[in-house]
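The hints should help you fit chain Y onto chain P, whose structure is shown.
First to last, the sequence lines map onto chains P and Y. For my numbering, add 1452 to where a residue sits in the first sequence, where the first one is 1. For my numbering, add 1452 to where a residue sits in the second sequence, where the first one is 1.
Worth flagging that the hints you see were computed from the coordinates, not collected in a lab. Owing to the predicted nature of the structure, the values given are computational and were not obtained by experimental measurement. Each hint should be verified, as a subset may be incorrect.
Since copy identity is lost for identical chains, a pair holds within one copy or between any two.
[Stated by the list, open to error] Result set (EDC-like, lysine to aspartate or glutamate): computed pairs, CA atoms no more than 16 Å apart in a straight line: (1) LYS1871 to ASP1674; (2) LYS1554 to GLU1598; (3) LYS1550 to GLU1598; (4) LYS1480 to ASP1583; (5) LYS1638 to GLU1756; (6) LYS1839 to GLU1558; (7) LYS1786 to GLU1544; (8) LYS1528 to GLU1559; (9) LYS1582 to ASP1777; (10) LYS1918 to GLU1657; (11) LYS1528 to GLU1553; (12) LYS1839 to ASP1532; (13) LYS1692 to GLU1706; (14) LYS1935 to ASP1674; (15) LYS1554 to GLU1864; (16) LYS1699 to ASP1583; (17) LYS1766 to ASP1513; (18) LYS1889 to GLU1624; (19) LYS1889 to ASP1754; (20) LYS1830 to GLU1763; (21) LYS1582 to ASP1704.
Read off the chains here:
Number of protein chains: 2
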Amino acid sequence: MSKRKLNNITPQSEDFAKWYTDVVVNGKLIDYGPVRGTVIMRPNSFGIWENFQKIFNKILDSNDIRNMYLPMFIPKSLMDMESDHILGFAPELATITKVGEKLLTEEIYTRPTSEVLFCKYFAAHTSSYKDLPIKVNQWANVIRWEKTTNPFLRTTEFLWQEGHTVHADPLEARRFTRKMLKNYEKILANYLAIPVMIGKKTSREKFAGACTTYTCEAMMKDGKALQSATSHYLAHNFSKPFEIGFKNQQNDIEYAYQTSWGMSTRIIGALIMTHGDDRGVIIPPKIAATQVDILTFNPKLDIEQDNFSRELVKNLSRVFKVRADYSTATLGYKASESEIQGTPIRIEIGPRDFSNDSVTVVRRDTLEKEVVPVSKLKKHIKSLIEKIHNNLYDSAKQRMEDNISRVNEYSELKTNIAKNRWVIMPMCCSDNESEEKIQKETGATARLIMLGEDKKDSDSLDQLSKCGFCQEKETRRYVLFAKAY
Amino acid sequence: MSKRKLNNITPQSEDFAKWYTDVVVNGKLIDYGPVRGTVIMRPNSFGIWENFQKIFNKILDSNDIRNMYLPMFIPKSLMDMESDHILGFAPELATITKVGEKLLTEEIYTRPTSEVLFCKYFAAHTSSYKDLPIKVNQWANVIRWEKTTNPFLRTTEFLWQEGHTVHADPLEARRFTRKMLKNYEKILANYLAIPVMIGKKTSREKFAGACTTYTCEAMMKDGKALQSATSHYLAHNFSKPFEIGFKNQQNDIEYAYQTSWGMSTRIIGALIMTHGDDRGVIIPPKIAATQVDILTFNPKLDIEQDNFSRELVKNLSRVFKVRADYSTATLGYKASESEIQGTPIRIEIGPRDFSNDSVTVVRRDTLEKEVVPVSKLKKHIKSLIEKIHNNLYDSAKQRMEDNISRVNEYSELKTNIAKNRWVIMPMCCSDNESEEKIQKETGATARLIMLGEDKKDSDSLDQLSKCGFCQEKETRRYVLFAKAY
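Okay, chain P solo, but in the shape it has when bound:
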C-alpha cells in the first residue's frame, strides 16, 4: 500500500519521477501547455528565472559582454551550412512551411540554438583584429522537439541565455571558455545552492560543433546527473564555414576563434530535484521569487491585527521579496500552501503572537519554528537567509560526496552504477564504442573528464593509473560516469 501522501505529493522514496511531476504542478510552478512538451511557467517559476537573469546580467556587465537579440527564424539553407551542427538537431527542428494559406518557397526552422545566426553576424562585423574580441549574449526561447519531455528538464520550448565570443587569439578564447564555466559553477553554488562537478565532455557527449565542451554536472536526489551549464570552445569549427576572418597584426587573414556558453530554465528543475522533499519544493532563498510568505490568521476578525500585518508587510518588503496572504483561509491551510511552493521562510501572525508584538518564523528547510520579536525581525530574516542557503548547499554537497565512488575496475563501476551512485574511473579509451558499451551495460554515460588531467588544475587524481576499462594502458584521464537526465 502506498504511503500517506502529503498535499497530493507522491513520496520521493516511492516514485521520484512521480514526486517531481507532482511538485512542479502542486507547487504552482507550471501548467502544461496545449502543445506536447510545452509548459506554462507560472509566476513562481518565472520569478526564479528573472532573478537568474539579474544575477547573470551583472556578470555579463563586469565582463564587457552586451546583450542583443537575433531572429527566432532560420532559413533551411543557412542551417545547412555547418553540417555537424545540423546533424545534431535535424530530427528536432520545428519547420514552418506556410503563412496563412500561402506555402513558403523555402522552409524555415525555429531556432534550436542561434549559433548560425551569430556566425553570420560576426562575419559581417569582423574584418580586423581591432574588431575583436566581440562579446555578446542573447536571452531567448529555443525549440527542440525532443521525444520524451519533462517540465524544465527537457521541454519542446525552453528559455536560455546563449553567450558568444569571437577572439583573435586562441588562448584568450580557451581561457574565456573556462572563465565562463567557473562563473556558472559560482552561480550554481552561491545562488541556487547547488554543488557541481566540473569537467570536459568526452568526444561522444560534447556539443555538435564544439572543439571542447566544459560542463557543470549536478547530482539530483535520485542520484541521477543533470547537466546544468555548458561552455564550449568552438575553435574554427564555425568560423571556417561562415568565413569569420580577420586581418591580424601582420596583415595576414586568419579565421577567428569562438566560444559559446549557456544556461537554461533547466536549472529550475535542478534546484527542485536537489532540494525538494516530501512536503514539496524548497527554493533556495537567494534565487527565490518569494523569500518570505507572510500568513495572517483571518485578518477580517480584528482590524488592529490587520493593521499590524499590513505594516509588517510594508516594512519587510523594503528589504526582502515578500508575499502576503490576507485571505480568510486558515493559518494551517496557508502554511501548507507555503510549504508546497517552497518559500524558504514563512511568518505566521496568529492572535497570540500579535498581542506580544512578535511573530512565528518558520524555516522551510528544517521546519524549525521560532517566536521572534518584531523589533528583531529584519536581522533575524537576514541571518536566516544565510543559514538556509548554507544548509541547503552543505546538505547537497555532503550527499554528492557520499555518493561518488572512485574505482579502478569496470566491475566496480557496474556495481556502483547499479546503486545509482556516481563513479570516477581511470579510462584511456576515448572512443565512442567503449562509452556505448558502458551505457548499454549499465545505463550510465560519461558525464565528464575530470579537469585534474590538465597540469594547471592538478589535484590528487592527476596520477597515472591503469585504465579501468581496457586494463591495458596507464592514463591520467579520469572519467565520471553516472545515469543522467
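For chain Y alone, kept in the frame of chain P given last:
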C-alpha cells in the same frame, strides 16, 4: 542633385523613409535577418529595450503584477476558439506543419499574441471572486507575417510585453485599462521624451476582440502618427468563449472581466523618428544603452593620458552608462561614430584638455561643446542629462502642437492632411464606411477619439459641435485623423 550626405545618411528633407533605413543601419541599431522582415537587434538597440524592461518591471511590481511565460506555440484548434481574434490575424500566422521529416497531425501557429493561452490559463485558475484579480505580464517574441515590413515599426518577429488582468468587477477592469494607458503615457514622456495624444480607438481601428482600445499616438518628424502603446478593455469577449467564470459573493456564476495592454520594440522606431536628425540617431538619455561616450585622442601616444582616460571611465561608470573608445582612430572619426549612434553626451579627451585637467563635453542634441573641469564633471553630466531630456521632449511637444489643426469641416480636414498635419474634427459618424471614405480620399485614418467626450476627462473640446463629416447632427465626439505608420 542630392544634398551632401553626412555619414552615408540621406537628409530627412530629401527622403524621410530612406533617412530612417540609413540611420537604423549606420547607427548600428540593426542588421537585417536572413528571413524576410526580420531584424537583428544589435546591442545599441537591445540596450534600449533592456532599459525599458527595467522601467516597466518597476511599474508592474508597484501594481502587484507578476511576470510569467507562456509557450510560443498555439495549436490551430485553440486559436480558432475566439473567431474575431483569429480573423484579425489569420493571414499573418506562421504555421508549423512538420518536425524533422515528420508531418504533424495538427498544425501549430507561432503566437501573434498570447491572448488565447492566457485565457486557457485564467479559466484553469479562476473559480471564485477570491481568486481575482489576477494580474500578470509576459515579455515575449511574437510573430506576425506582415506584407510590408520596416525595422522596429513592423517586423515579422518583434519583442513586446503583453499584460493581462482578470477582474470580478467591470468598473475595476475599466479603471485598470485606463491606469495602464496613463502609465504608458508617462513612460513615453519621462524616459523616451516622446509626447503623445491619448484616446480611444474607433470601432474600425480597435484590436480585434477588444470592447474598448485606448492608444498613445506619437507624431513622427514626417508628420505621420505612430501607435506607441495600447490598452484594451476586453469585457466578456474572451471570458465567454474560454469560460473564465467565477462564483461571486452571492454564490452566482459570472463571467470575469479582462484587460490587456502592450508596448513593443516599435517604441525604438518611435524614438528614432521623433528625435533623430541628419547626423543620425539621437537617443534620449534616460533610456539610452550608452549615456556617455568617452573618446580619447590616440591613447597609445601618451601613457599618462591613457591613465587619465581610464581613471575617468572608471569613475563615471559608477554613475552613468559609459562606453569608452580607446582605439587608435582619430578623435574626429570617433566623434562622428558617436553622433550617428546618437549617444546623448560625448566626452572628448584631447592632449590639450588633459593637461588642464579638463575635458570637452559635447551634447548630441544641440552639438554644443563645453570645456569642463574634471572635478565638476559628474554634476555637469547629471544636469546635462536633464537638459537634453527636456530639450528633446519640449521640441517634440512643440512640433506636435504646431502640427495639429482643429477643424469644423471635412474640406479643412482634407487640406490639412494633404500638408501631413494631424486634424481633430467633430464627427458623429462612427461607422466603418465613413472612415473608409476618409482614408480613401485623404490617406488618413482615425487615430483616436479624444477622451474629452467622457465627462470625467472634460476639457475645452467637451462641447457640442456640428459633425464635420455629415454636417447634420451635433456631437461631442472629436476624432483625431492622421496618416500613420
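Legend entry - Numbers of the earlier hints that this structure fails to satisfy, in rising order: 5, 6, 7, 10, 12, 15, 18, 19
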